[in-house]
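Chains A and B, in that order, give the protein sequences.
When you line the first sequence up against our numbering, it's residues 1 to 399, in that order.
When you line the second sequence up against our numbering, it's residues 1 to 174, in that order.
There's no promise every hint is true.
[To be verified] Pairs of lysine-lysine residues, derived as BS3-like cross-links and limited to a Cα-Cα distance of at most 25 Å, are as follows:
{"no.": "1", "chain 1": "B", "residue 1": "K173", "chain 2": "A", "residue 2": "K192"}
{"no.": "2", "chain 1": "B", "residue 1": "K169", "chain 2": "A", "residue 2": "K205"}
{"no.": "3", "chain 1": "B", "residue 1": "K100", "chain 2": "B", "residue 2": "K48"}
{"no.": "4", "chain 1": "B", "residue 1": "K169", "chain 2": "A", "residue 2": "K189"}
{"no.": "5", "chain 1": "B", "residue 1": "K6", "chain 2": "B", "residue 2": "K73"}
{"no.": "6", "chain 1": "A", "residue 1": "K203", "chain 2": "B", "residue 2": "K6"}
{"no.": "7", "chain 1": "A", "residue 1": "K192", "chain 2": "B", "residue 2": "K103"}
{"no.": "8", "chain 1": "B", "residue 1": "K100", "chain 2": "A", "residue 2": "K189"}
{"no.": "9", "chain 1": "A", "residue 1": "K276", "chain 2": "A", "residue 2": "K368"}
{"no.": "10", "chain 1": "A", "residue 1": "K189", "chain 2": "B", "residue 2": "K6"}
{"no.": "11", "chain 1": "B", "residue 1": "K169", "chain 2": "A", "residue 2": "K192"}
Because the hints were derived from the structure by calculation, they are not lab data.
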Amino acid sequence: MAPLIPDIIAPEYNYLIALIVGIGFGFALEQAGFSSTRKLVGLFYGYDFTVLRVFFTAGITAMTGVLILSHLELLNTDIIFVNPTFLPSALTGGVIMGLGFVIGGFCPGTSACAAAIGKLDGWAFILGATLGIFSFGEFYPLLKDFYLMDAQGPVLIYEKLGINRISFALIMTFIALFAFFATGIIEDKVNKRPVSLLGGNPKNKVLAAAIPVLLVLLVMVTPSRKEFVMSKLEAKAASGECKPDLIDADKLAFELTNNYYKYNVIDVRSPEEYEKFHIATAINIPLDDLHSTAYRQLLNQRIRTNVFYGASTQQAKQACLIARYHGNQTSLALEQTATQFQETFYGEITISDDPSKQEKTVANFRQKAAEKMTEIEENLASREKPVKKKMTRVQGGCS
Amino acid sequence: MDHSNKFMNPYLAGVLLGFVLLVTIYVTGRGLGASGAMKSVAVSAVQKAAPEHFEETAYYQNYAADHPDGPMKSWLVFEMLGVLVGAFLSGALAGRLGLKLEKGPGVQNTTRIIGAILGGFLFGFGSQLGRGCTSGSALSGMAVMSFGGIMTMLAIFGGAYAFAWFFRKLWIKG
């Protein structure tokens, strides 16, 4: 799952990639006309709204793209860089930047584009920006408290607004389309041209506007990949086509006490539940994470049979089906729940007053098995646990 | 028709820019940026010119801690080198290369240069306070729906509109 760096593409290539995307970035900005200062400030005087069009279109494109990639589980949005929120400094800094924009006629990225094609004002702006950054560094001790005030971390706007991600994307798309429409009218008025609402080719314009809306709606109505796989599996299980094989608690205990190394016992409950009690030798992979490619190898070990158990038999069966879906045909599901297993072996073993021989044997077996399993678990305490991959957020932003 | 007017359709350019940003996020997990590269230049200038001061100042030391290979060995510096190359290519293809000074009607050259330096100064200062500029904070922030990024974006454009009237003589007639 993306981001491709550092797992799929080595971090050593990061600078090369920076250079390549930079070329694309510079090319797109310059093609859009962002190397022209008069075109840029046109936004603030109403004679040219190119900046708004390019900027909003780019934002919506990238946002929708991120949404689609994460919906298809191709991009892990939990680890991509999200600018942290420090509201006082963000707003003050923003207003100062706005002032700089109308006085200098550029922003840093566009000034570089202008400089690249030989605009002297672009170079002057870069010089100024570098000095401005330098002076911030010099005044940092005075500004530090304000700079770090109200740290909220990487908050997402839809969380703040209390709506879901897709609704926000849809709202944003409509705002953009409305802005394109309204600024078209303003631009014509300011330039004293006849107002042409859908001038050019109206059919194409409507079509172009419909594409982002449709894409977002598509994400909204289609199930995510995980949901899709699960529903498919459940349908198969319901039709009896794919029945998970079950293993009984006593049988599992017997196998564990005799040849535990042939089994890969997996607890699919939450880590907290796992901590409280787990069957000897069991490792913990919560059901929600079982789809992750990180565990694919672990689940497909030829010499070991997977045994899944959970808080309910249903959970264990589901896990078993997921493993099957990913190619493991020998997986088993424990018939009993984790709690039942615990009670059977570690709870009080009650025998009736006049026990039959079989009853005695079972009780005896369970007692011995419990001891043995505890022993095995203790001996294995230091064995390899599934590699907890530490996912850290990517560092980014302008610092 | 004047060659220099042939800009790409803004919506098409926007989609192109959006895809560049999307690819960046997909590959590296981070967004685009611009002011950060200028910060690298500023920090390394301080390091060269006043090494003692560099060692003493917390702000530069924080930066040095994040960039152990030196201030210029930063992702954004390489990205900005790319921007210069990309913009140059685009300008060359469209016939827009040449030493020029663009300004509003009736504005003197010195006024424009001073304005650009002063505006740049403010933008640079503000980008540090706001943790990113139009690229790193506003555009990339919008793509990942960052609350802080979108608030900075609103402040930049809101601020620019609020101040635009006072500086209209720099850009428009009358």
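Okay, the hints, checked on the actual structure:
no.	hint	verdict
1	K173/B - K192/A	holds, 15 Å
2	K169/B - K205/A	violated, 35 Å
3	K100/B - K48/B	violated, 31 Å
4	K169/B - K189/A	holds, 20 Å
5	K6/B - K73/B	violated, 36 Å
6	K203/A - K6/B	holds, 24 Å
7	K192/A - K103/B	holds, 22 Å
8	K100/B - K189/A	violated, 30 Å
9	K276/A - K368/A	holds, 22 Å
10	K189/A - K6/B	holds, 23 Å
11	K169/B - K192/A	holds, 20 Å
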